[in-house]
Amino acid sequence: MDISFALTGKGYVLVAADTTAARSIIKMKSDEDKIKVLSPHLLMAFSGEPGDTVNFAEYVERNLRLYHIRHTYPLRPASAASWIRRSLAESLRSRNPYSVNLLLGGYDTATHTPELYWVDYLGTMTSVPFGAHGYGSYFALSLLDRYHDPEAGLEEGLAALRRCIDEVSKRLVVSPGKYKVKVVDKDGVREIEL
Amino acid sequence: MEAISHAGTVLGVLAKDGVVLAAEKKVTGKLLDMSGSKEGGYGGSGEKIFLLNSNVISGVAGLTADANSLVNYSRQTAQGHLFNYNDDIPVELLVQRLCDLKQGYTQYGGLRPFGVSILYAGYDPHYQFQLYHSDPSGNYSGWKATCIGANNGTAQSLLKQEYKDDIGIDEAVGLVLRTMSKTMDSTTLGSEKLEFATLTLDADKRPKAKIYKPAEIDALLVKHDLAKKDEDAEMRAA
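Top to bottom, those sequences are chains A and B.
Under this note's numbering, the residues of the first sequence are numbered 1 to 194, in order.
Under this note's numbering, the residues of the second sequence are numbered 1001 to 1238, in order.
Derived by calculation from the structure, the hints in this document are not laboratory data.
The beta carbon of each residue, even a glycine, is placed where N, CA and C say it ideally should be.
A portion of the hints provided could be inaccurate.
As the list claims (entries may be wrong) - Below 27 Å or equal to it, Euclidean Cα-Cα: the simulated DSS-like pairs (lysine-lysine) are:
1) A:K10 with B:K1205
2) B:K1223 with B:K1213
3) A:K186 with A:K27
4) B:K1193 with B:K1025
5) B:K1038 with B:K1026
6) A:K186 with B:K1205
Claimed, not checked - Listed next, with one range per pair, are the computed distances between beta-carbon atoms:
7) A:Y73 with B:L1031: 45 to 53 Å
8) A:H71 with B:L1111: 25 to 33 Å
9) A:S94 with B:R1206: 55 to 63 Å
10) A:S94 with B:Y1073: 25 to 33 Å
11) B:Y1042 with A:L66: 56 to 64 Å
12) A:G51 with B:D1202: 19 to 27 Å
13) A:Y138 with B:L1082: 47 to 55 Å
14) B:D1225 with A:P150: 49 to 57 Å
15) B:D1170 with A:H71: 28 to 36 Å
16) B:H1126 with A:R95: 36 to 44 Å
17) A:Y73 with B:D1225: 37 to 45 Å
Please build the complete structure, drawing on both the sequences and the hints.
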């Protein structure tokens, strides 16, 4: 049960995902990176069916990189999101659909705006100020409804994120121990220690 | 290539706030039905200047039937890109797709190449306004001002002399009209022989393609003082 959150702020998008890789009752790994860097200004947190997740995420990463190499500029977040959504929607009615949920966070360098997209395995996509997938969403969404500020600076955004993580630790039966947090802004992608 | 050098001239000029395309029509005459271009949706008689996508217009020179087929292909390509990426196709990408198609016809299958040269005028957020030229070999290049079809050598040298780097759209329109009047077969310009189009940004910074209707072309010619003067009226006045 992967948990991921994301929220937008003034000129940045924060994306967080847990780092536990587990099967049934065994925790195999506690430092798994579930946030792929798709381009200099685009992050994607993935969750869902084991195997499908990494496969689809790498497929997306490689295709976006190919676009970047072919055309010298990367796809803008909105266009990349459309392409990713289209891929999932086509997979849905195929013999073996991908069962992957995504949170796409990016900074559009043309319009200088942060953008966040919530995408699920059916190919549903919507642009959101904040979003979450998995059991974490039951706690995070109401917290962010109350404490999210789209014009907030990075520190305030991190504070809101910490609230979500603490609530999950407190109330979810099998809560993950550690989370990986990445931020994307006009300077690109970097990891943050919470 | 021979057919193209006999075809109607197409002229394109890049300005800092837009692109201008003008073309000389070869198929004209009193009996020609022009109702399509007078009231039509996207403008243009369907002979020289075409709308490829909301952010790209093109002018063709050469075999008209080949040109129609290529225009159709490029329109489909542009929509296919919109389908996948929910965004207007970048101009250079559209040009590349068309050129890949043209090149294929020079290498595979025993088919003959498309006998068309095309000028593409477009806008995208990456490189703003752009002007490209492609030929039957599938080769393409970007230009600030260029010309294809008949008398393109003369027109090209005229453009080289008069073009300035930071030219505005109104100046570019004037430059295009003056160059056309010097290179066209007929003595004066008129809306029956001229097709005209511009690509600019509207108030919301979105690309706006305008293919002029015959009446608008006449008004434009009057504005730039290049219209056919009514000789009888002048003589009576004198």
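Now for the hints, and whether the structure bears them out:
no.: 1; hint: A:K10 with B:K1205; verdict: 23 Å, holds
no.: 2; hint: B:K1223 with B:K1213; verdict: 15 Å, holds
no.: 3; hint: A:K186 with A:K27; verdict: 36 Å, violated
no.: 4; hint: B:K1193 with B:K1025; verdict: 5 Å, holds
no.: 5; hint: B:K1038 with B:K1026; verdict: 18 Å, holds
no.: 6; hint: A:K186 with B:K1205; verdict: 22 Å, holds
no.: 7; hint: A:Y73 with B:L1031: 45 to 53 Å; verdict: 50 Å, holds
no.: 8; hint: A:H71 with B:L1111: 25 to 33 Å; verdict: 29 Å, holds
no.: 9; hint: A:S94 with B:R1206: 55 to 63 Å; verdict: 36 Å, violated
no.: 10; hint: A:S94 with B:Y1073: 25 to 33 Å; verdict: 28 Å, holds
no.: 11; hint: B:Y1042 with A:L66: 56 to 64 Å; verdict: 34 Å, violated
no.: 12; hint: A:G51 with B:D1202: 19 to 27 Å; verdict: 48 Å, violated
no.: 13; hint: A:Y138 with B:L1082: 47 to 55 Å; verdict: 37 Å, violated
no.: 14; hint: B:D1225 with A:P150: 49 to 57 Å; verdict: 54 Å, holds
no.: 15; hint: B:D1170 with A:H71: 28 to 36 Å; verdict: 33 Å, holds
no.: 16; hint: B:H1126 with A:R95: 36 to 44 Å; verdict: 38 Å, holds
no.: 17; hint: A:Y73 with B:D1225: 37 to 45 Å; verdict: 43 Å, holds
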